[in-house]
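Protein chains in written order, with my numbering: chain A, 1 to 413; chain B, 1 to 413; chain C, 1 to 413; chain D, 1 to 413.
Think of the hints as simulated: they come from the structure by calculation, not from any bench. Beta carbons: idealized from backbone N, C-alpha and C, even for Gly. One or more of the hints may lead you astray.
Chain A stretches covered by chain B per the calculated footprint, using a threshold of three residues with CB under 8 angstroms from any CB of chain B [claimed, not checked]:
| # | segment |
| --- | --- |
| 1 | 66-77 |
| 2 | 120-128 |
| 3 | 378-390 |
Distance windows between CB atoms, simulated [claimed, not checked]:
| # | chain 1 | residue 1 | chain 2 | residue 2 | range |
| --- | --- | --- | --- | --- | --- |
| 4 | B | 179 | C | 397 | 28 to 38 angstroms |
| 5 | B | 171 | D | 243 | 45 to 55 angstroms |
| 6 | A | 105 | D | 182 | 56 to 66 angstroms |
| 7 | B | 248 | A | 105 | 47 to 57 angstroms |
| 8 | C | 248 | B | 9 | 45 to 55 angstroms |
| 9 | D | 123 | A | 177 | 50 to 60 angstroms |
Protein chains: 4
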Amino acid sequence: MSDPAADYRHIRAQTLALAAGLSEADCQVQSMPDASPVKWHLAHTTWFFETFVLERHAAGFRPFDAAFRVLFNSYYQGVGEQHPRPQRGLVTRPGLAEVLAYRRAVDEQMAALVEGAPPPAVAELVTLGLNHEQQHQELILTDLLHLLSCNPLAPVYRPRPAAAVQGEVAAGWHGFEGGLVETGHAGMGFAFDNETPRHRQWLQPFEIARACVSRAEWAAFAADGGYRDHRWWASAGWDWVRREAITAPLHERAQGHAFTLHGLLDLPAQAPATHISWFEADAFVRWWSAQHPRQPAARLPTEAEWEHAAGQAGSDAAAEGQFVEGGLLHPQATASLFGSVWQWTASPYTPYPGFRPWAGAVGEYNAKFMVNQMVLRGGSFATPRSHIRASYRNFFPTEARWQFTGLRLARDL
Amino acid sequence: MSDPAADYRHIRAQTLALAAGLSEADCQVQSMPDASPVKWHLAHTTWFFETFVLERHAAGFRPFDAAFRVLFNSYYQGVGEQHPRPQRGLVTRPGLAEVLAYRRAVDEQMAALVEGAPPPAVAELVTLGLNHEQQHQELILTDLLHLLSCNPLAPVYRPRPAAAVQGEVAAGWHGFEGGLVETGHAGMGFAFDNETPRHRQWLQPFEIARACVSRAEWAAFAADGGYRDHRWWASAGWDWVRREAITAPLHERAQGHAFTLHGLLDLPAQAPATHISWFEADAFVRWWSAQHPRQPAARLPTEAEWEHAAGQAGSDAAAEGQFVEGGLLHPQATASLFGSVWQWTASPYTPYPGFRPWAGAVGEYNAKFMVNQMVLRGGSFATPRSHIRASYRNFFPTEARWQFTGLRLARDL
Amino acid sequence: MSDPAADYRHIRAQTLALAAGLSEADCQVQSMPDASPVKWHLAHTTWFFETFVLERHAAGFRPFDAAFRVLFNSYYQGVGEQHPRPQRGLVTRPGLAEVLAYRRAVDEQMAALVEGAPPPAVAELVTLGLNHEQQHQELILTDLLHLLSCNPLAPVYRPRPAAAVQGEVAAGWHGFEGGLVETGHAGMGFAFDNETPRHRQWLQPFEIARACVSRAEWAAFAADGGYRDHRWWASAGWDWVRREAITAPLHERAQGHAFTLHGLLDLPAQAPATHISWFEADAFVRWWSAQHPRQPAARLPTEAEWEHAAGQAGSDAAAEGQFVEGGLLHPQATASLFGSVWQWTASPYTPYPGFRPWAGAVGEYNAKFMVNQMVLRGGSFATPRSHIRASYRNFFPTEARWQFTGLRLARDL
Amino acid sequence: MSDPAADYRHIRAQTLALAAGLSEADCQVQSMPDASPVKWHLAHTTWFFETFVLERHAAGFRPFDAAFRVLFNSYYQGVGEQHPRPQRGLVTRPGLAEVLAYRRAVDEQMAALVEGAPPPAVAELVTLGLNHEQQHQELILTDLLHLLSCNPLAPVYRPRPAAAVQGEVAAGWHGFEGGLVETGHAGMGFAFDNETPRHRQWLQPFEIARACVSRAEWAAFAADGGYRDHRWWASAGWDWVRREAITAPLHERAQGHAFTLHGLLDLPAQAPATHISWFEADAFVRWWSAQHPRQPAARLPTEAEWEHAAGQAGSDAAAEGQFVEGGLLHPQATASLFGSVWQWTASPYTPYPGFRPWAGAVGEYNAKFMVNQMVLRGGSFATPRSHIRASYRNFFPTEARWQFTGLRLARDL
């Protein structure tokens, strides 16, 4: 990011653009403990800059409102107490207008700080804050979709762009020889601490599918009784699918329609399946293999395989993917490894060999979540294009379905 | 109610007055499954008139929005589906403005219907709808207090009136001879079906306290370890108080302060204790009796005793109590048996001998709740004065605390 | 009971007779928190005599094992700690043999105490202990039936007596004029504190059915969709029946069979329905009334009505009922108001006017359970005949189904 | 295992030896859903041979009791229904004697089959069945300890051997250079499918501690407030430790004593800490590192590091460890990497590259559990010595504490 001040203005404005047109009620409600209100996202991303940048680096700093320190802290124990996550939606005051004033007040002070040439320590925190804000931009969309999905009237967030034409879809597989490869972030650009250090590992030869698993393939799985056949499921997944009475991806509705940010839609058959949990992805690959007995068994790629494949695709690979800038708010099939839907991998989210969290409170950013979650790769239609890279590690628990999650097959060669 | 049209305008306007000054966010959020959003109360009371009056009696009726029939039905199975109660707060659309437009549209049609001399069947339903609306007026205040109490910033709903001076407080007991008395609604005025039929029962001689149990008395109970001493508690109450780690009435805060609709206040010692469950009231009377070993044991009055006492007090008795018209939104001690706080009785909520629910869907109003609830009598500071009477039966489960509930002692003579 | 020593020997032996033939495993397991292991019942009834009689009245008393004081205390807070109820089944040591030795040791000391003419205070406690033991005799059978019902092999507790022939069944109604009647225990015999004091109350004219509701009638209710029709159910009952997916009484199996202490049986159509909750009984009477539109509406009798009817039937009425001495361990239709199945009433379990619990720890026997339970009357096939009387009040929560519970219709005249 | 018949007799007899002296009640009870009754373990291990060996390979096979097929199936969906795991303790019939007869009947038929030279397919299944039985031998001890720990009388399973003298304890670290190493099972001996295929991976240089973390070290962690300091805990661990109010390892009692299979003991300070969850192990290493700021940060070893270290130690390494044959039923410090306590690793339990589950129903043995569990290595004092090897992978969820679990530190070089 060449111009911190311009980046700051641009990314902060993008967040507001996502909230444009929403009512105060839309921005207020928390539809489940895992989700947060849009108003909270607007405030928390601002709190991040106030707490980690202004409070430490702005001369004569005074908090906008001392109570916000607790109210909008997500989970940084090192910064003090947090308001309980499941109760975020109960705080109706400050209202939306006051939170927007909070954004403006912090933005003014930040503008003074990032204009010109901020010292490296500040510049680094600003970059972190902007990457953090981009993560919440995607969460605004996932959480809002979940909220609107609870409304029996199926309201529309944004009308569907007229030009949403599905392009050609890739088929077949990319092959890789493996061997002793390096994965993890390299180079000078920004990366989260969890992408480091770059390290060696041994990969056996593998293939990875050119396209994500499509709605049509998923419909075949469901139609074949996939959700009711224990053979495809991990034991914990089988318990989950029966306990929760799961029979389709989240947000699927009657007659093949899906509820999306554009409302209830009849999506193309070749569009990537989404809103599936890791348990469902894991079951699907076993079912798929049984349907293709003459082919090598399919599986989820490991995150190292995915990253190796993405790295081989060249530095512009991400540019071809479907990201939030396109304005189409449901996934579309593309030839890119990146974008459209986050892709579940076979890899539990663990620290890389030699991993050290960042120093200080921001060290809580990633490190403390490295257990009982699975890695996802590639970004989605709701991810800002500048936010993604080959080494980027997203992670969610095995039953999470409200994110824009899908899968891509892999197999041994 | 002599003039149905005037009554209608007046009571409907009172509901709006309660919501005045609230933000859309304040009106949107449901802070627990037992509570409902203010917006929902505004809509549901309107739905009641649309469904039970306009739909049946207005020529050329067309629903304002067909979806509202399900969305704002509380529990009338006979009218069709209901949107699940715990999810009322998730419906951000229709927004507050649209719900207010719904009120106006229904009010216009209702005005045409109640003007002049509506037929008795209509007049009865309008009277029922207005009494129903008054019940929701109190619920708006209880539910809003609960919501605001979840906000760590302790926001104020209304500033406290300047003239909130505590008057003289009654002491001692009223005595009654009992015998074969009649209870239940008598006369021509409106009553709910659960207040009928008037019937005979035998009362032994009893006394009932002139004042409700005060904050000072409650503080003595708590200070004496009342919440930690099994001797005072029913078995189910003891399980509850330990499981929920209850140590004080709901909305009590540090240093003797209480959170109220006027914000955090240091209330007078003689003010009635409130936000107590039946379990707490039941424990208190046992503790109180042990503190006064030379007096007859105290107990909660039965609802028949309470009603007999209130009936003896004359038809204007209710006028002396503290009701919502006074504008003071926390309970005050008065000499009246009515008002200030709803008084838990010793009586489970059961049908009177010979009880028949109203015919049709409105028969679901009271009849189906007559199990596992206890009767409360007298009204509270949040009750409209015209709404209460000696035979009025309110009811809640034994652990409910978010209502304006207190108690008055009784004892055998 | 004329001879305390003989009564003691007889009733204690009856308890052992119930456990005869059970394995140590059968006596060990607790199949749900509401039930207790047979071994615990054997020990707890012994603990009762040791704690309330021997410890206070036996010269040179030494406890059999000091640890048993906590281990086998059911809920007497005044006597000290209790082992948590849901964990009773986890205590494998002391084993069954040691518990039987405990019984013998206590019985020996009790024999010395009750022989001759014990002082009244002792005699009263012994009588209480024996009535307490008889209650646990019935609980041994209810809890054991529940345990065996969890075994997919449907094991038999006792073979069905060969002579189990169903007698003639009563039809029609008994009528009563009501008026100012007295209920509650009268006379010199033993009664629990909750049956006192005898007091006046006003009854309106009523009828009560000669027979309990039969399996055939219940089957008609279920076949008519009774479990799926909200019209018949109280609101809390409707929530319960759907949440628990209830479609039949407990222990009903396929093809009209029922699981009983004699194993899986095809019971007679006229046998009383049993293992129904109060919610189900309450729903049934509403359904029944709708099936008989030309008759007065049926309802559950109040406990006062039941007791008045039973009192009118004369002092030998109970003798005609089906009790545990008959050896048939499923309910049979009889002409008696007593026996066969406990009959749910319309009455919540509350203290009688002027009620005072017994002094001391035995005051916890009944008093602290007087909330959120409903009264049952009449005894069941599992009740010892000498244990029941017209004023006897049994009580359980509205969802309890593992007891031998049924219902008898009543209606206004 | 050179002589299948002798192995069969020996291992089956060891299982019975573990149950010797237990009462039927001890063998019946299931103290929590994760544990199973001893009687069930005795039956299920027998069911394994009957179902997977006799039914397929014994001429004229007839089941001992057809009902046992469902009753004692643990989780093999491919073999049909299973009795629900949490209800295993409710099945009192068949009793212990009948289950022992079942064992004898199956053993007789198995003897005929394994005598002489069974065909390889049979021999393989017998070996699998014996390894399976050895796993349940350890579970008998973990589950029984949990059951006895629920008894407030703290009963003793076996008296402590007189000769339980703690030997010298190792100190310091073993260092390894890493590089491209192979892990996974090699050679001809038995291994579970999850130990295969042997595969390459890259290890960075590391050290692994010579001793497991001791009770003294754990006590220092707890005394330093380790259980109350968020800095040491993963986010999910911090939620867990507070929700469950964890303050010490499971089975720790007052004054430094621990409840063991030898009863309540004051264990040596240098004995390995045990009954800790992965969350606790993970927190400990962070705390330990902060206490040793001049040393490289400690962490849990990966399973590959552990296996590489164990492989370097030579083929007899396991022989020096503390295993069940020693008769001491609490962990002791030794110089071996093996035995005493299972050691949590940093590795989630995932399939090895190229992993293929066994064909048929036994393919459910391991494969379907490869999610949300962590790998443990090394065996414990309750493991049969012949059962363990360097490539052995045990696995449990991150909150499991009733197993004999501890930890060993590792660090980067």
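Each hint, compared with the structure:
With 3 residues bearing a CB less than 8 angstroms from a CB of chain B, the segment 66-77 of chain A meets the requirement of three and the coverage assertion stands. With a cut-off of 8 angstroms between beta carbons, the segment 120-128 of chain A has 0 residues touching chain B; three or more are needed, and the interface restraint is violated. Proximity of the segment 378-390 of chain A to chain B, defined as three or more residues with a beta carbon under 8 angstroms from a beta carbon of that chain, is not established by the 0 residues found. Separated by about 35 angstroms at the C-beta atoms, residue 179 of chain B and residue 397 of chain C satisfy the suggested range of 28 to 38 angstroms.
Checked against the hint of 45 to 55 angstroms, the C-beta distance between residue 171 of chain B and residue 243 of chain D comes to roughly 49 angstroms, which is consistent with it. Checking the proposed 56 to 66 angstroms range against residue 105 of chain A and residue 182 of chain D shows it holds: the Cβ atoms sit about 60 angstroms from each other. Look at residue 248 of chain B against residue 105 of chain A: about 38 angstroms separates their beta carbons, and that is not inside 47 to 57 angstroms. For residue 248 of chain C paired with residue 9 of chain B, a C-beta distance near 53 angstroms keeps the hint of 45 to 55 angstroms intact.
Range check, residue 123 of chain D to residue 177 of chain A: about 40 angstroms between beta-carbon atoms, so the 50 to 60 angstroms window is missed.
Violated hints, in rising order: 2, 3, 7 and 9; the structure is consistent with all others.
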